[in-house]
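K.L.:
Given the coordinates of chain W, work out where chain F should sit on it, guided by the hints.
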Amino acid sequence: MPSKHARRTGGGIAAPYLFLAPALVLFVVFLALPIAYTIYLSTRRVQRSGLGLGKGSVREVNAGLDNYAAALSDASLWTSWLRVLLYGLIVLVLMLGLALLFALMLDTARVRLARFSRTSIFLPFAVPGVAAGLMWGFLYLPGTTPLKGVDFLSASTVLYSMANVAIWGGTGFNMLVLYTALRAIPQELYEAARMDGASEVRIALQVKIPILMPAIILTTVFSIIATVQVFTEPTVLRPLTNTIPSDFSPLTKIYTDAFVRGDLYSAAATAIVVAGISLVLSFGFLRVVKRQAFGESS
Amino acid sequence: MRTNRLAAAAVLATALAAAGCGASEPTQPAPAAQPQSSAPAAPAAPVKLTYWTWAPNMDKIVKVWNDKNPDIQVTVSKQAGGDDAAAKFLTAAKAGNPPQLVQAEYQHLPSFVAADAVADLSAQAAPVKGEFSEGLWRLVTLGTEGVYGVPQDSGPMMLYYRKDLFEKYGIEVPKTWDDYAAAARKVREQDKNVFLGTFSSKDPGSFAGLSQQAGGQWWSIAGEAWKVAINDQATTKVADYWGKLVDEGAIDDMPYFTPEWNKALNDGKLLTWPSAVWAPGVLEANAPKAKGKWAAAPLPQWSAGENASGFWGGSAVAVSAKATPDEKAGAAAFISWLNTDPEAVQLLVKEAFIYPASTKGTQSLTTPPAYFDTQADFWQQAAQAAATARGFTFGPNVNAAYTAYKDAFDKALANKSSFTGALKTMQDATVADMQKSGFTVAQ
Numbered sequence: 006m007p008s009k010h011a012r013r014t015g016g017g018i019a020a021p022y023l024f025l026a027p028a029l030v031l032f033v034v035f036l037a038l039p040i041a042y043t044i045y046l047s048t049r050r051v052q053r054s055g056l057g058l059g060k061g062s063v064r065e066v067n068a069g070l071d072n073y074a075a076a077l078s079d080a081s082l083w084t085s086w087l088r089v090l091l092y093g094l095i096v097l098v099l100m101l102g103l104a105l106l107f108a109l110m111l112d113t114a115r116v117r118l119a120r121f122s123r124t125s126i127f128l129p130f131a132v133p134g135v136a137a138g139l140m141w142g143f144l145y146l147p148g149t150t151p152l153k154g155v156d157f158l159s160a161s162t163v164l165y166s167m168a169n170v171a172i173w174g175g176t177g178f179n180m181l182v183l184y185t186a187l188r189a190i191p192q193e194l195y196e197a198a199r200m201d202g203a204s205e206v207r208i209a210l211q212v213k214i215p216i217l218m219p220a221i222i223l224t225t226v227f228s229i230i231a232t233v234q235v236f237t238e239p240t241v242l243r244p245l246t247n248t249i250p251s252d253f254s255p256l257t258k259i260y261t262d263a264f265v266r267g268d269l270y271s272a273a274a275t276a277i278v279v280a281g282i283s284l285v286l287s288f289g290f291l292r293v294v295k296r297q298a299f300g301e302s303s
Numbered sequence: 025m026r027t028n029r030l031a032a033a034a035v036l037a038t039a040l041a042a043a044g045c046g047a048s049e050p051t052q053p054a055p056a057a058q059p060q061s062s063a064p065a066a067p068a069a070p071v072k073l074t075y076w077t078w079a080p081n082m083d084k085i086v087k088v089w090n091d092k093n094p095d096i097q098v099t100v101s102k103q104a105g106g107d108d109a110a111a112k113f114l115t116a117a118k119a120g121n122p123p124q125l126v127q128a129e130y131q132h133l134p135s136f137v138a139a140d141a142v143a144d145l146s147a148q149a150a151p152v153k154g155e156f157s158e159g160l161w162r163l164v165t166l167g168t169e170g171v172y173g174v175p176q177d178s179g180p181m182m183l184y185y186r187k188d189l190f191e192k193y194g195i196e197v198p199k200t201w202d203d204y205a206a207a208a209r210k211v212r213e214q215d216k217n218v219f220l221g222t223f224s225s226k227d228p229g230s231f232a233g234l235s236q237q238a239g240g241q242w243w244s245i246a247g248e249a250w251k252v253a254i255n256d257q258a259t260t261k262v263a264d265y266w267g268k269l270v271d272e273g274a275i276d277d278m279p280y281f282t283p284e285w286n287k288a289l290n291d292g293k294l295l296t297w298p299s300a301v302w303a304p305g306v307l308e309a310n311a312p313k314a315k316g317k318w319a320a321a322p323l324p325q326w327s328a329g330e331n332a333s334g335f336w337g338g339s340a341v342a343v344s345a346k347a348t349p350d351e352k353a354g355a356a357a358f359i360s361w362l363n364t365d366p367e368a369v370q371l372l373v374k375e376a377f378i379y380p381a382s383t384k385g386t387q388s389l390t391t392p393p394a395y396f397d398t399q400a401d402f403w404q405q406a407a408q409a410a411a412t413a414r415g416f417t418f419g420p421n422v423n424a425a426y427t428a429y430k431d432a433f434d435k436a437l438a439n440k441s442s443f444t445g446a447l448k449t450m451q452d453a454t455v456a457d458m459q460k461s462g463f464t465v466a467q
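Residue numbers (our numbering), protein chains in the order written: chain W, 6 to 303; chain F, 25 to 467.
One chain only, chain F, in its complex shape:
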């Protein structure tokens, strides 16, 4: 039925487009209309751009731009975040009426490029390249010659933990994942209602970040073919580690972002959350009772002395492939300003609560988030995590891989089967989906 509705919309859109063509054709021969629209050198009508984003208060930031740039006017259209937003943009692009500007999470950008839905900005965005770290810039070029967006924010991962309850249970902040496992067991010995952490089968983004830390490379490009290695050695190590902890009952298996999880955080039944730099906002909304009791530390390492992290989330702003040349130029100017201009980046931090992608932007952060007001070095910690975070190339079908992750790990938890098997299922489903969509996959 959904397909029918989509088809109906497409048919309607085609009909309207046809009607539009029909109406404009007769006016073409009339010479009077011509000079009026094209003669003036300065564009008579301002370029109007629609911007799909879910960053809070983006309309306030855009207003600053609109006031200064009367000939490039941007309108914010607030979206729901996450995978739904990506699906919606791809559908709109396919139906022929996408917005000119779209917030694109790094993991979804390759699928936008593969669907030919976003424009190559290599000519327009080249000047801002130096504003970003090499790792982040790679996420918008996908390792090709093209530039498919300008980075906006990033999500380096840290370990968030309850200072007060760590003291209560006599736990040190874990330096390695072995320490973390030992601490998880220690908590369970003292209180059967409390867990050190939980494994979420609903959040592939978090798992991807932990795999990046371990050195996983899920997708890579080998000549003219894609390579998929979701069950590589590093990721298998991560999956085994969490599978073992869940299996012996040392940590919980409830998904993140559920009412139940919120309650556990608020009641002090969950002591840690390996999460990204945007976690303070989530904690503030869901665990208001614990304000000032959480602290951030570097992620536990796989071996002592190492220093690595991963990314969970973060996004760029991309321009639709359907944008006219005027719109494209205006859009590129706007997103370059939004993500690199000091004033705009300050506003992004203050109003939209993001961790800016721009290197200068991160250096300007001083006051810790209100929820972490007892931790003066919060941003130094974040900067360290950002500097040591490993990213990886995302493939063109992250959505399919992430769905496979949810289904496979859901099943592994329900059947108490091995996480290695779930990872293999995820790998196979991802390869099968790529082959079905006609990508060349190297074995």
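Chain W on its own, in the form it takes in the complex:
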């Protein structure tokens, strides 16, 4: 008996680590190490002697926090943040609003063609971002657009045109998340509400939306992270117009720094700054809404 007991305890100690190992190894190799390497790169810079041509004239040296100081004091980075903030605001409000509206409409009892509508709203999400950007680009260009008379790519409209691409592509996915959550709500709640004489609109506003809150918050956090990382739309639309600079969004700036200017070090520092800010934004948002969303359950 005692020996069996001991063996079980021994196995018990090792087993959790064994089960954790695959996830831990993957986490360390593909997330923790790259992040550590990025942080290391962000504290380095190159030093050149003379013309910087020929063997041995380039050395990598320690830069301390210089790259961070440069990133934080770079006016173009903050301009790009402001741009992305406005862009994010438009996308978040319109995309999530539309997604919620569509989900609620599809969930009402008398809806027709539910399956068809659901698929057609979801379909744009299946179109790759680059293809969507190019397709909209053709629709926006004055020479190829069927909508004459509007300049979609002028300095004052380009941000909205870009937000439109994101909204078009993202609404379907968010709608599906919300719709799935709606389907999980027990029907009895609706019956009770109907018996009390509530209309469909009232049920939607006072029963469905409060229950949906956690799902709405989840989609909001995902969308905040996605808009902070906006990259595809400006990259695809940039060659088509004069109005999108290379540092349009924080990520296009990082890309330009790393792969066009060839300065991996300052790009790494900016990347860490951007990661920090998106962390603050998404966790800040979660903290603000935590009580409303998860108040009852905790």
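Relax, there's no trap hidden among the hints.
Below are the DSSO-like pairs computed for lysine-lysine, each with C-alpha atoms no more than 27 Å apart in a straight line: (1) W:K153 x F:K440; (2) W:K153 x F:K293; (3) F:K287 x W:K153; (4) F:K435 x W:K153; (5) W:K153 x F:K216; (6) F:K313 x W:K153.
Since the hints were derived computationally from the structure, they do not count as laboratory data. From a predicted model like this one, the values you see are computed outputs, not experimental measurements.
P.N.:
For chain F alone, coordinates are given in the frame of chain W:
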């Protein structure tokens, strides 16, 4: 996030390299393995080279070499062209797994050299020096003792124009840029939907070529320091000229190579394109309706009687600094053959549609490109442009300068502000980038 991904790749590469070292170490003491790999005098295994290029049909040309040289086997890896290809090569070099052979546009070669990513071929490539004009050879030596590649093609600039529409609007082929401006206004007076040309804020290469024609020298070497003079007198003249034309609405400001631009070319809404010798391929693909209606003439000059042109594009083939001595020797032999052997150059012209850098190669061109089949003297025109084209030394951060060009001129067009100001922004950004990267810049 991109950086993270790159870092992940680097970490993975390091891990694999470490694993490789670990695996090979135990075999070293075993004497049995040694003689087998090193004893035979003739290399038992052929040298295998990977070649990054975006020239069309290069695999067909390489096959001719591979069939004749069983011990130096080249594999073509097709790349996207332009700035992306340069960025990709620099990243691969930094990550430690670059290809042995790479197509390098002349303006990017200095950044490859500055990153210590390409090998000095002065010993191996010396015999082919005489095959190229002095100007082109300078582009692969950067004015130093080293030789960092073998020239493949060049892009002397000419003025392409619509013969039929010039007749319709009563325009003579402009001899000077003043004539060109007058013609631009004349077109606008007759038809509000048509432009003589457009200024592209997306194509610094084209602007660089026009500045070379005017005598600009953006970078130069002064002792142990770089000099940057992007807003020199000649370039300022070019920028002012185009800025004025755009400002008064005499020419359009849509960028080249956009769907809109293709449509304008195809519909006859754009009458000229100051472009390089490779333009026929672009026109053929984008304006198929206008076949036989375009013609090439020398670029308009800054003053009557002058005769100068510039370069837009063109590239060399370089060898990676990471190549082993065997690979380097094989690579040098291959690129010397590819760019100077008469048979190979013929294939480059026929299959890859390039304007060869080799002097003999250009002399062998007779039949005009299909799209220009009505212009019998097309290649004579090209040869004249090549002979009169001025080049300049490219600096080690052309990518940064070109990005600054796009951003600054985009902004100038959007805000209707002066091109001189945009040029100053480009100059300042280029100098700042060089200083940040640790280059010595003379003031």
